[in-house]
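Enquirer: As you go down the protein sequences, you meet chains A and B in turn.
First residue of the first sequence: 1, per the numbering used here; consecutive thereafter.
First residue of the second sequence: 289, per the numbering used here; consecutive thereafter.
Accuracy of the hints is not assured; some may be wrong.
Going by beta-carbon spacing under 10 Å, a handful of chain B positions derived as facing chain A [to be verified]:
no., residue
1, Ser346
2, Leu382
3, Gly400
4, Leu401
5, Lys404
6, Thr439
7, Asn446
8, Glu447
9, Met452
10, Glu455
Pairwise CB distance ranges, derived in the manner of DEER restraints [as the list claims (entries may be wrong)]:
no., chain 1, residue 1, chain 2, residue 2, range
11, B, Gly432, A, Trp48, 28 to 34 Å
12, A, Ala257, B, Lys307, 52 to 58 Å
13, A, Pro212, B, Glu300, 55 to 61 Å
14, A, Glu197, B, Lys407, 54 to 60 Å
15, B, Ile549, A, Asp198, 16 to 22 Å
16, A, Met215, B, Glu354, 35 to 41 Å
17, A, Asp168, B, Gln379, 52 to 58 Å
18, A, Asp199, B, Ile549, 52 to 58 Å
19, B, Ile551, A, Asp199, 46 to 52 Å
Derived from the structure by calculation, the hints contain no laboratory data.
The beta carbon of each residue, even a glycine, is placed where N, CA and C say it ideally should be.
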Amino acid sequence: MAEAASIEQKVHKSAWQGSFKLVNVQRAITFAWMHVAEARLRTMIKWWGSMLSFGLGNPVLYLFSVGIGIGALVDSNGTNGQLGGVSYLAFLAPALLATAAIQACQDELSFPIMEGFLWDKTFFAMNATPIRGRDIMGGLLASAMVRTIFTTALYEAILLLFGAIELDAALPMFFTALLAGLAFGAGMMAASSYVKEDDGFFAIVGRFVVAPMFMFSGTFYPLESMPIYLQWIGWISPLWHGTDLGRILSYGQPQQAWVIASHWVYLTVWAAIGMTLAARKISQRLAA
Amino acid sequence: MNSSMSMQNMIEAKGLTKKYADFVAVDGIDFVVKRGEAFGLLGPNGAGKSTTMKMIASVSKRTGGELTILGKDPNKYGPEIRAHLGVVPQQDNLDRELKVHENLFSYGRFFGLSRKFLKGKVEELLEFAQLTEKRNSKAEELSGGMKRRLTIARGLVNEPEILMLDEPTTGLDPQARHILWDRLFRLKEQGVTLVITTHYMDEAEQLCDRLIVMDKGKIMAEGSPANLIREYSSKEVLEVRFGSSRNAEVAEQLKGIGDRIEILPDRILIYSENGEADLRTILTRGLDPVTSLVRRSSLEDVFLRLTGRTLVE
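Using the sequences provided together with the hints, build the complete structure.
Expert: This is the structure we're talking about:
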């Protein structure tokens with residue numbers, strides 16, 4: 001009994017103020033998306049090890065096996081005239097950098113949406129507070145970008161270490177890779193927000209969208225060297241647009257001005273459409 | 289918001305309606321919840337309780353009628369209203385990957401509460417939910433009852449003006465239920481308004497000052513538990529059993545006893561002002577029930593009378 005009494009005392013040690021006094025409503029609404037991002041980061045930090053090895057592992061493997069291994073073969077055969085006269089490694093590096101960014105971003109914008117709507121239903125818990133659907137979208141995207149920034153920066157450091165990119169191109173390339181990540185991530189977020197059942201959607205996307213995109217976006221050879229009936233995969237893929245921008249910045253691959261402009265526009269449009277659709281669908285599902 | 293603190297009506301619904309494509313979940317209901325009241329929504333599955341709760345929680349938009357919460361229209365001011373609500377959903381939606389104390393902290397941040405304030409508040413809530421020793425466990429490692437307590441504690445982090453509990457004690461053991469009732473009673477004393485749905489009639493009798501019984505989207509009855517029992521049931525209920533094969537045939541001979549007789553497959557219920565006297569009458573008519581029981585009429589009798597005994601799936 002004595003113990004129970006002391007608990008009661010402690011519980012009531014602070015006076016109940018009531019939410020009218022306690023909650024700054026305007027502030028809560030204004031910063032709602034940041035509170036969502038904060039919550040995501042709190043979870044993410046527990047997984048940083050696997051996130052980094054997942055985010056860097058694959059691209060590093062490609063860097064060694066394809067970039068350095070196959071690169072030696074390509075360069076010694078003297079076929080790199082088609083690559084604009086640069087080493088194969090230099091040709092490949094911008095593609096791998098954009099891929100690393102896209103991987104990190106899309107991973108963070110797919111499974112957390114399943115968790116939020118289906119597994120833990122945490123989005124419904126958030127929505128019981130001042131947080132709205134669009135804040136969830138914004139917070140998820142912001143936290144995904146934090147992960148993308150870390151992964152991309154680390155991977156770029158590795159590329160620099162291997163001399164795959166030039167130091168003075170590093171910063172602009174960093175941003176084009178992030179833009180590619182943002183564009184594809186936002187698209188993935190929109191698609192994920194439509195998933196109503198945990199029925200292997202991501203396995204399908206992985207096999208039939210992400211893998212072909214990786215193979216056919218001018219990643220390993222110039223897009224123009226593919227048959228014309230396959231080139232469209234590159235044209236619609238954010239990876240190709242990001243990669244091409246990276247190549248222009250990295251070693252000055254010649255490109256027409258309108259193509260460069262279309263890269264920027266295309267990636268920005270992807271990001272904008274993805275964000276709009278995701279915000280709308282998430283809000284709809286919360287209110288259903 | 290300060291002006292609304294003096295406001296007496298926390299929730300006002302007039303002709304409140306929610307229609308989905310081809311089905312009316314809530315069909316034009318009226319009710320008012322006053323400050324400091326414990327208000328109950330009762331009804332069988334599919335009656336429209338949860339839909340009503342979602343509309344009050346300002347997440348689901350009404351399709352007709354009027355609804356005002358804390359003086360505001362939830363269709364327009366959802367986030368502003370939700371800042372002052374505490375919501376305990378039917379299904380726990382904790383973040384399984386976060387630790388117990390992180391779940392409380394993280395949720396408090398959604399209201400924009402400061403880290404400094406939350407540090408103290410989280411400890412207080414851990415004690416409230418008797419989870420202090422489990423503070424560092426992941427939410428997914430908790431037992432069902434503990435998860436429920438954590439969800440309830442989480443709903444209090446912003447010190448809500450209105451606490452909404454959707455079947456709060458489902459899955460709790462009797463000890464935990466009684467502790468929770470005690471805690472809720474204390475919150476009510478502090479002026480918190482409670483809105484509760486429950487399937488447990490004893491819980492509704494214990495907790496609710498006033499309640500509505502819903503069925504098929506409509507309100508069947510409204511009042512305090514005592515008034516509802518007075519209005520829709522008798523003072524006492526006499527339950528007699530003659531064996532399942534004889535109940536129906538004996539019922540003929542019970543005519544005129546009590547206010548109302550209900551024949552069930554396993555027993556006969558006689559709604560009565562004086563059960564003992566009616567039992568004597570039965571015995572003097574030469575009928576000898578296998579078992580007999582006189583009990584006080586309860587909210588459950590009211591509920592079953594209003595919403596029927598047929599199962600709703």
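Enquirer: A separate judgement is required for each hint: does it hold in the structure or not?
Expert: Verification of the supplied hints:
{"no.": "1", "hint": "Ser346", "result": "9 Å, holds"}
{"no.": "2", "hint": "Leu382", "result": "7 Å, holds"}
{"no.": "3", "hint": "Gly400", "result": "3 Å, holds"}
{"no.": "4", "hint": "Leu401", "result": "7 Å, holds"}
{"no.": "5", "hint": "Lys404", "result": "13 Å, violated"}
{"no.": "6", "hint": "Thr439", "result": "9 Å, holds"}
{"no.": "7", "hint": "Asn446", "result": "5 Å, holds"}
{"no.": "8", "hint": "Glu447", "result": "5 Å, holds"}
{"no.": "9", "hint": "Met452", "result": "9 Å, holds"}
{"no.": "10", "hint": "Glu455", "result": "15 Å, violated"}
{"no.": "11", "hint": "Gly432/B <-> Trp48/A: 28 to 34 Å", "result": "31 Å, holds"}
{"no.": "12", "hint": "Ala257/A <-> Lys307/B: 52 to 58 Å", "result": "55 Å, holds"}
{"no.": "13", "hint": "Pro212/A <-> Glu300/B: 55 to 61 Å", "result": "57 Å, holds"}
{"no.": "14", "hint": "Glu197/A <-> Lys407/B: 54 to 60 Å", "result": "40 Å, violated"}
{"no.": "15", "hint": "Ile549/B <-> Asp198/A: 16 to 22 Å", "result": "52 Å, violated"}
{"no.": "16", "hint": "Met215/A <-> Glu354/B: 35 to 41 Å", "result": "58 Å, violated"}
{"no.": "17", "hint": "Asp168/A <-> Gln379/B: 52 to 58 Å", "result": "55 Å, holds"}
{"no.": "18", "hint": "Asp199/A <-> Ile549/B: 52 to 58 Å", "result": "53 Å, holds"}
{"no.": "19", "hint": "Ile551/B <-> Asp199/A: 46 to 52 Å", "result": "49 Å, holds"}
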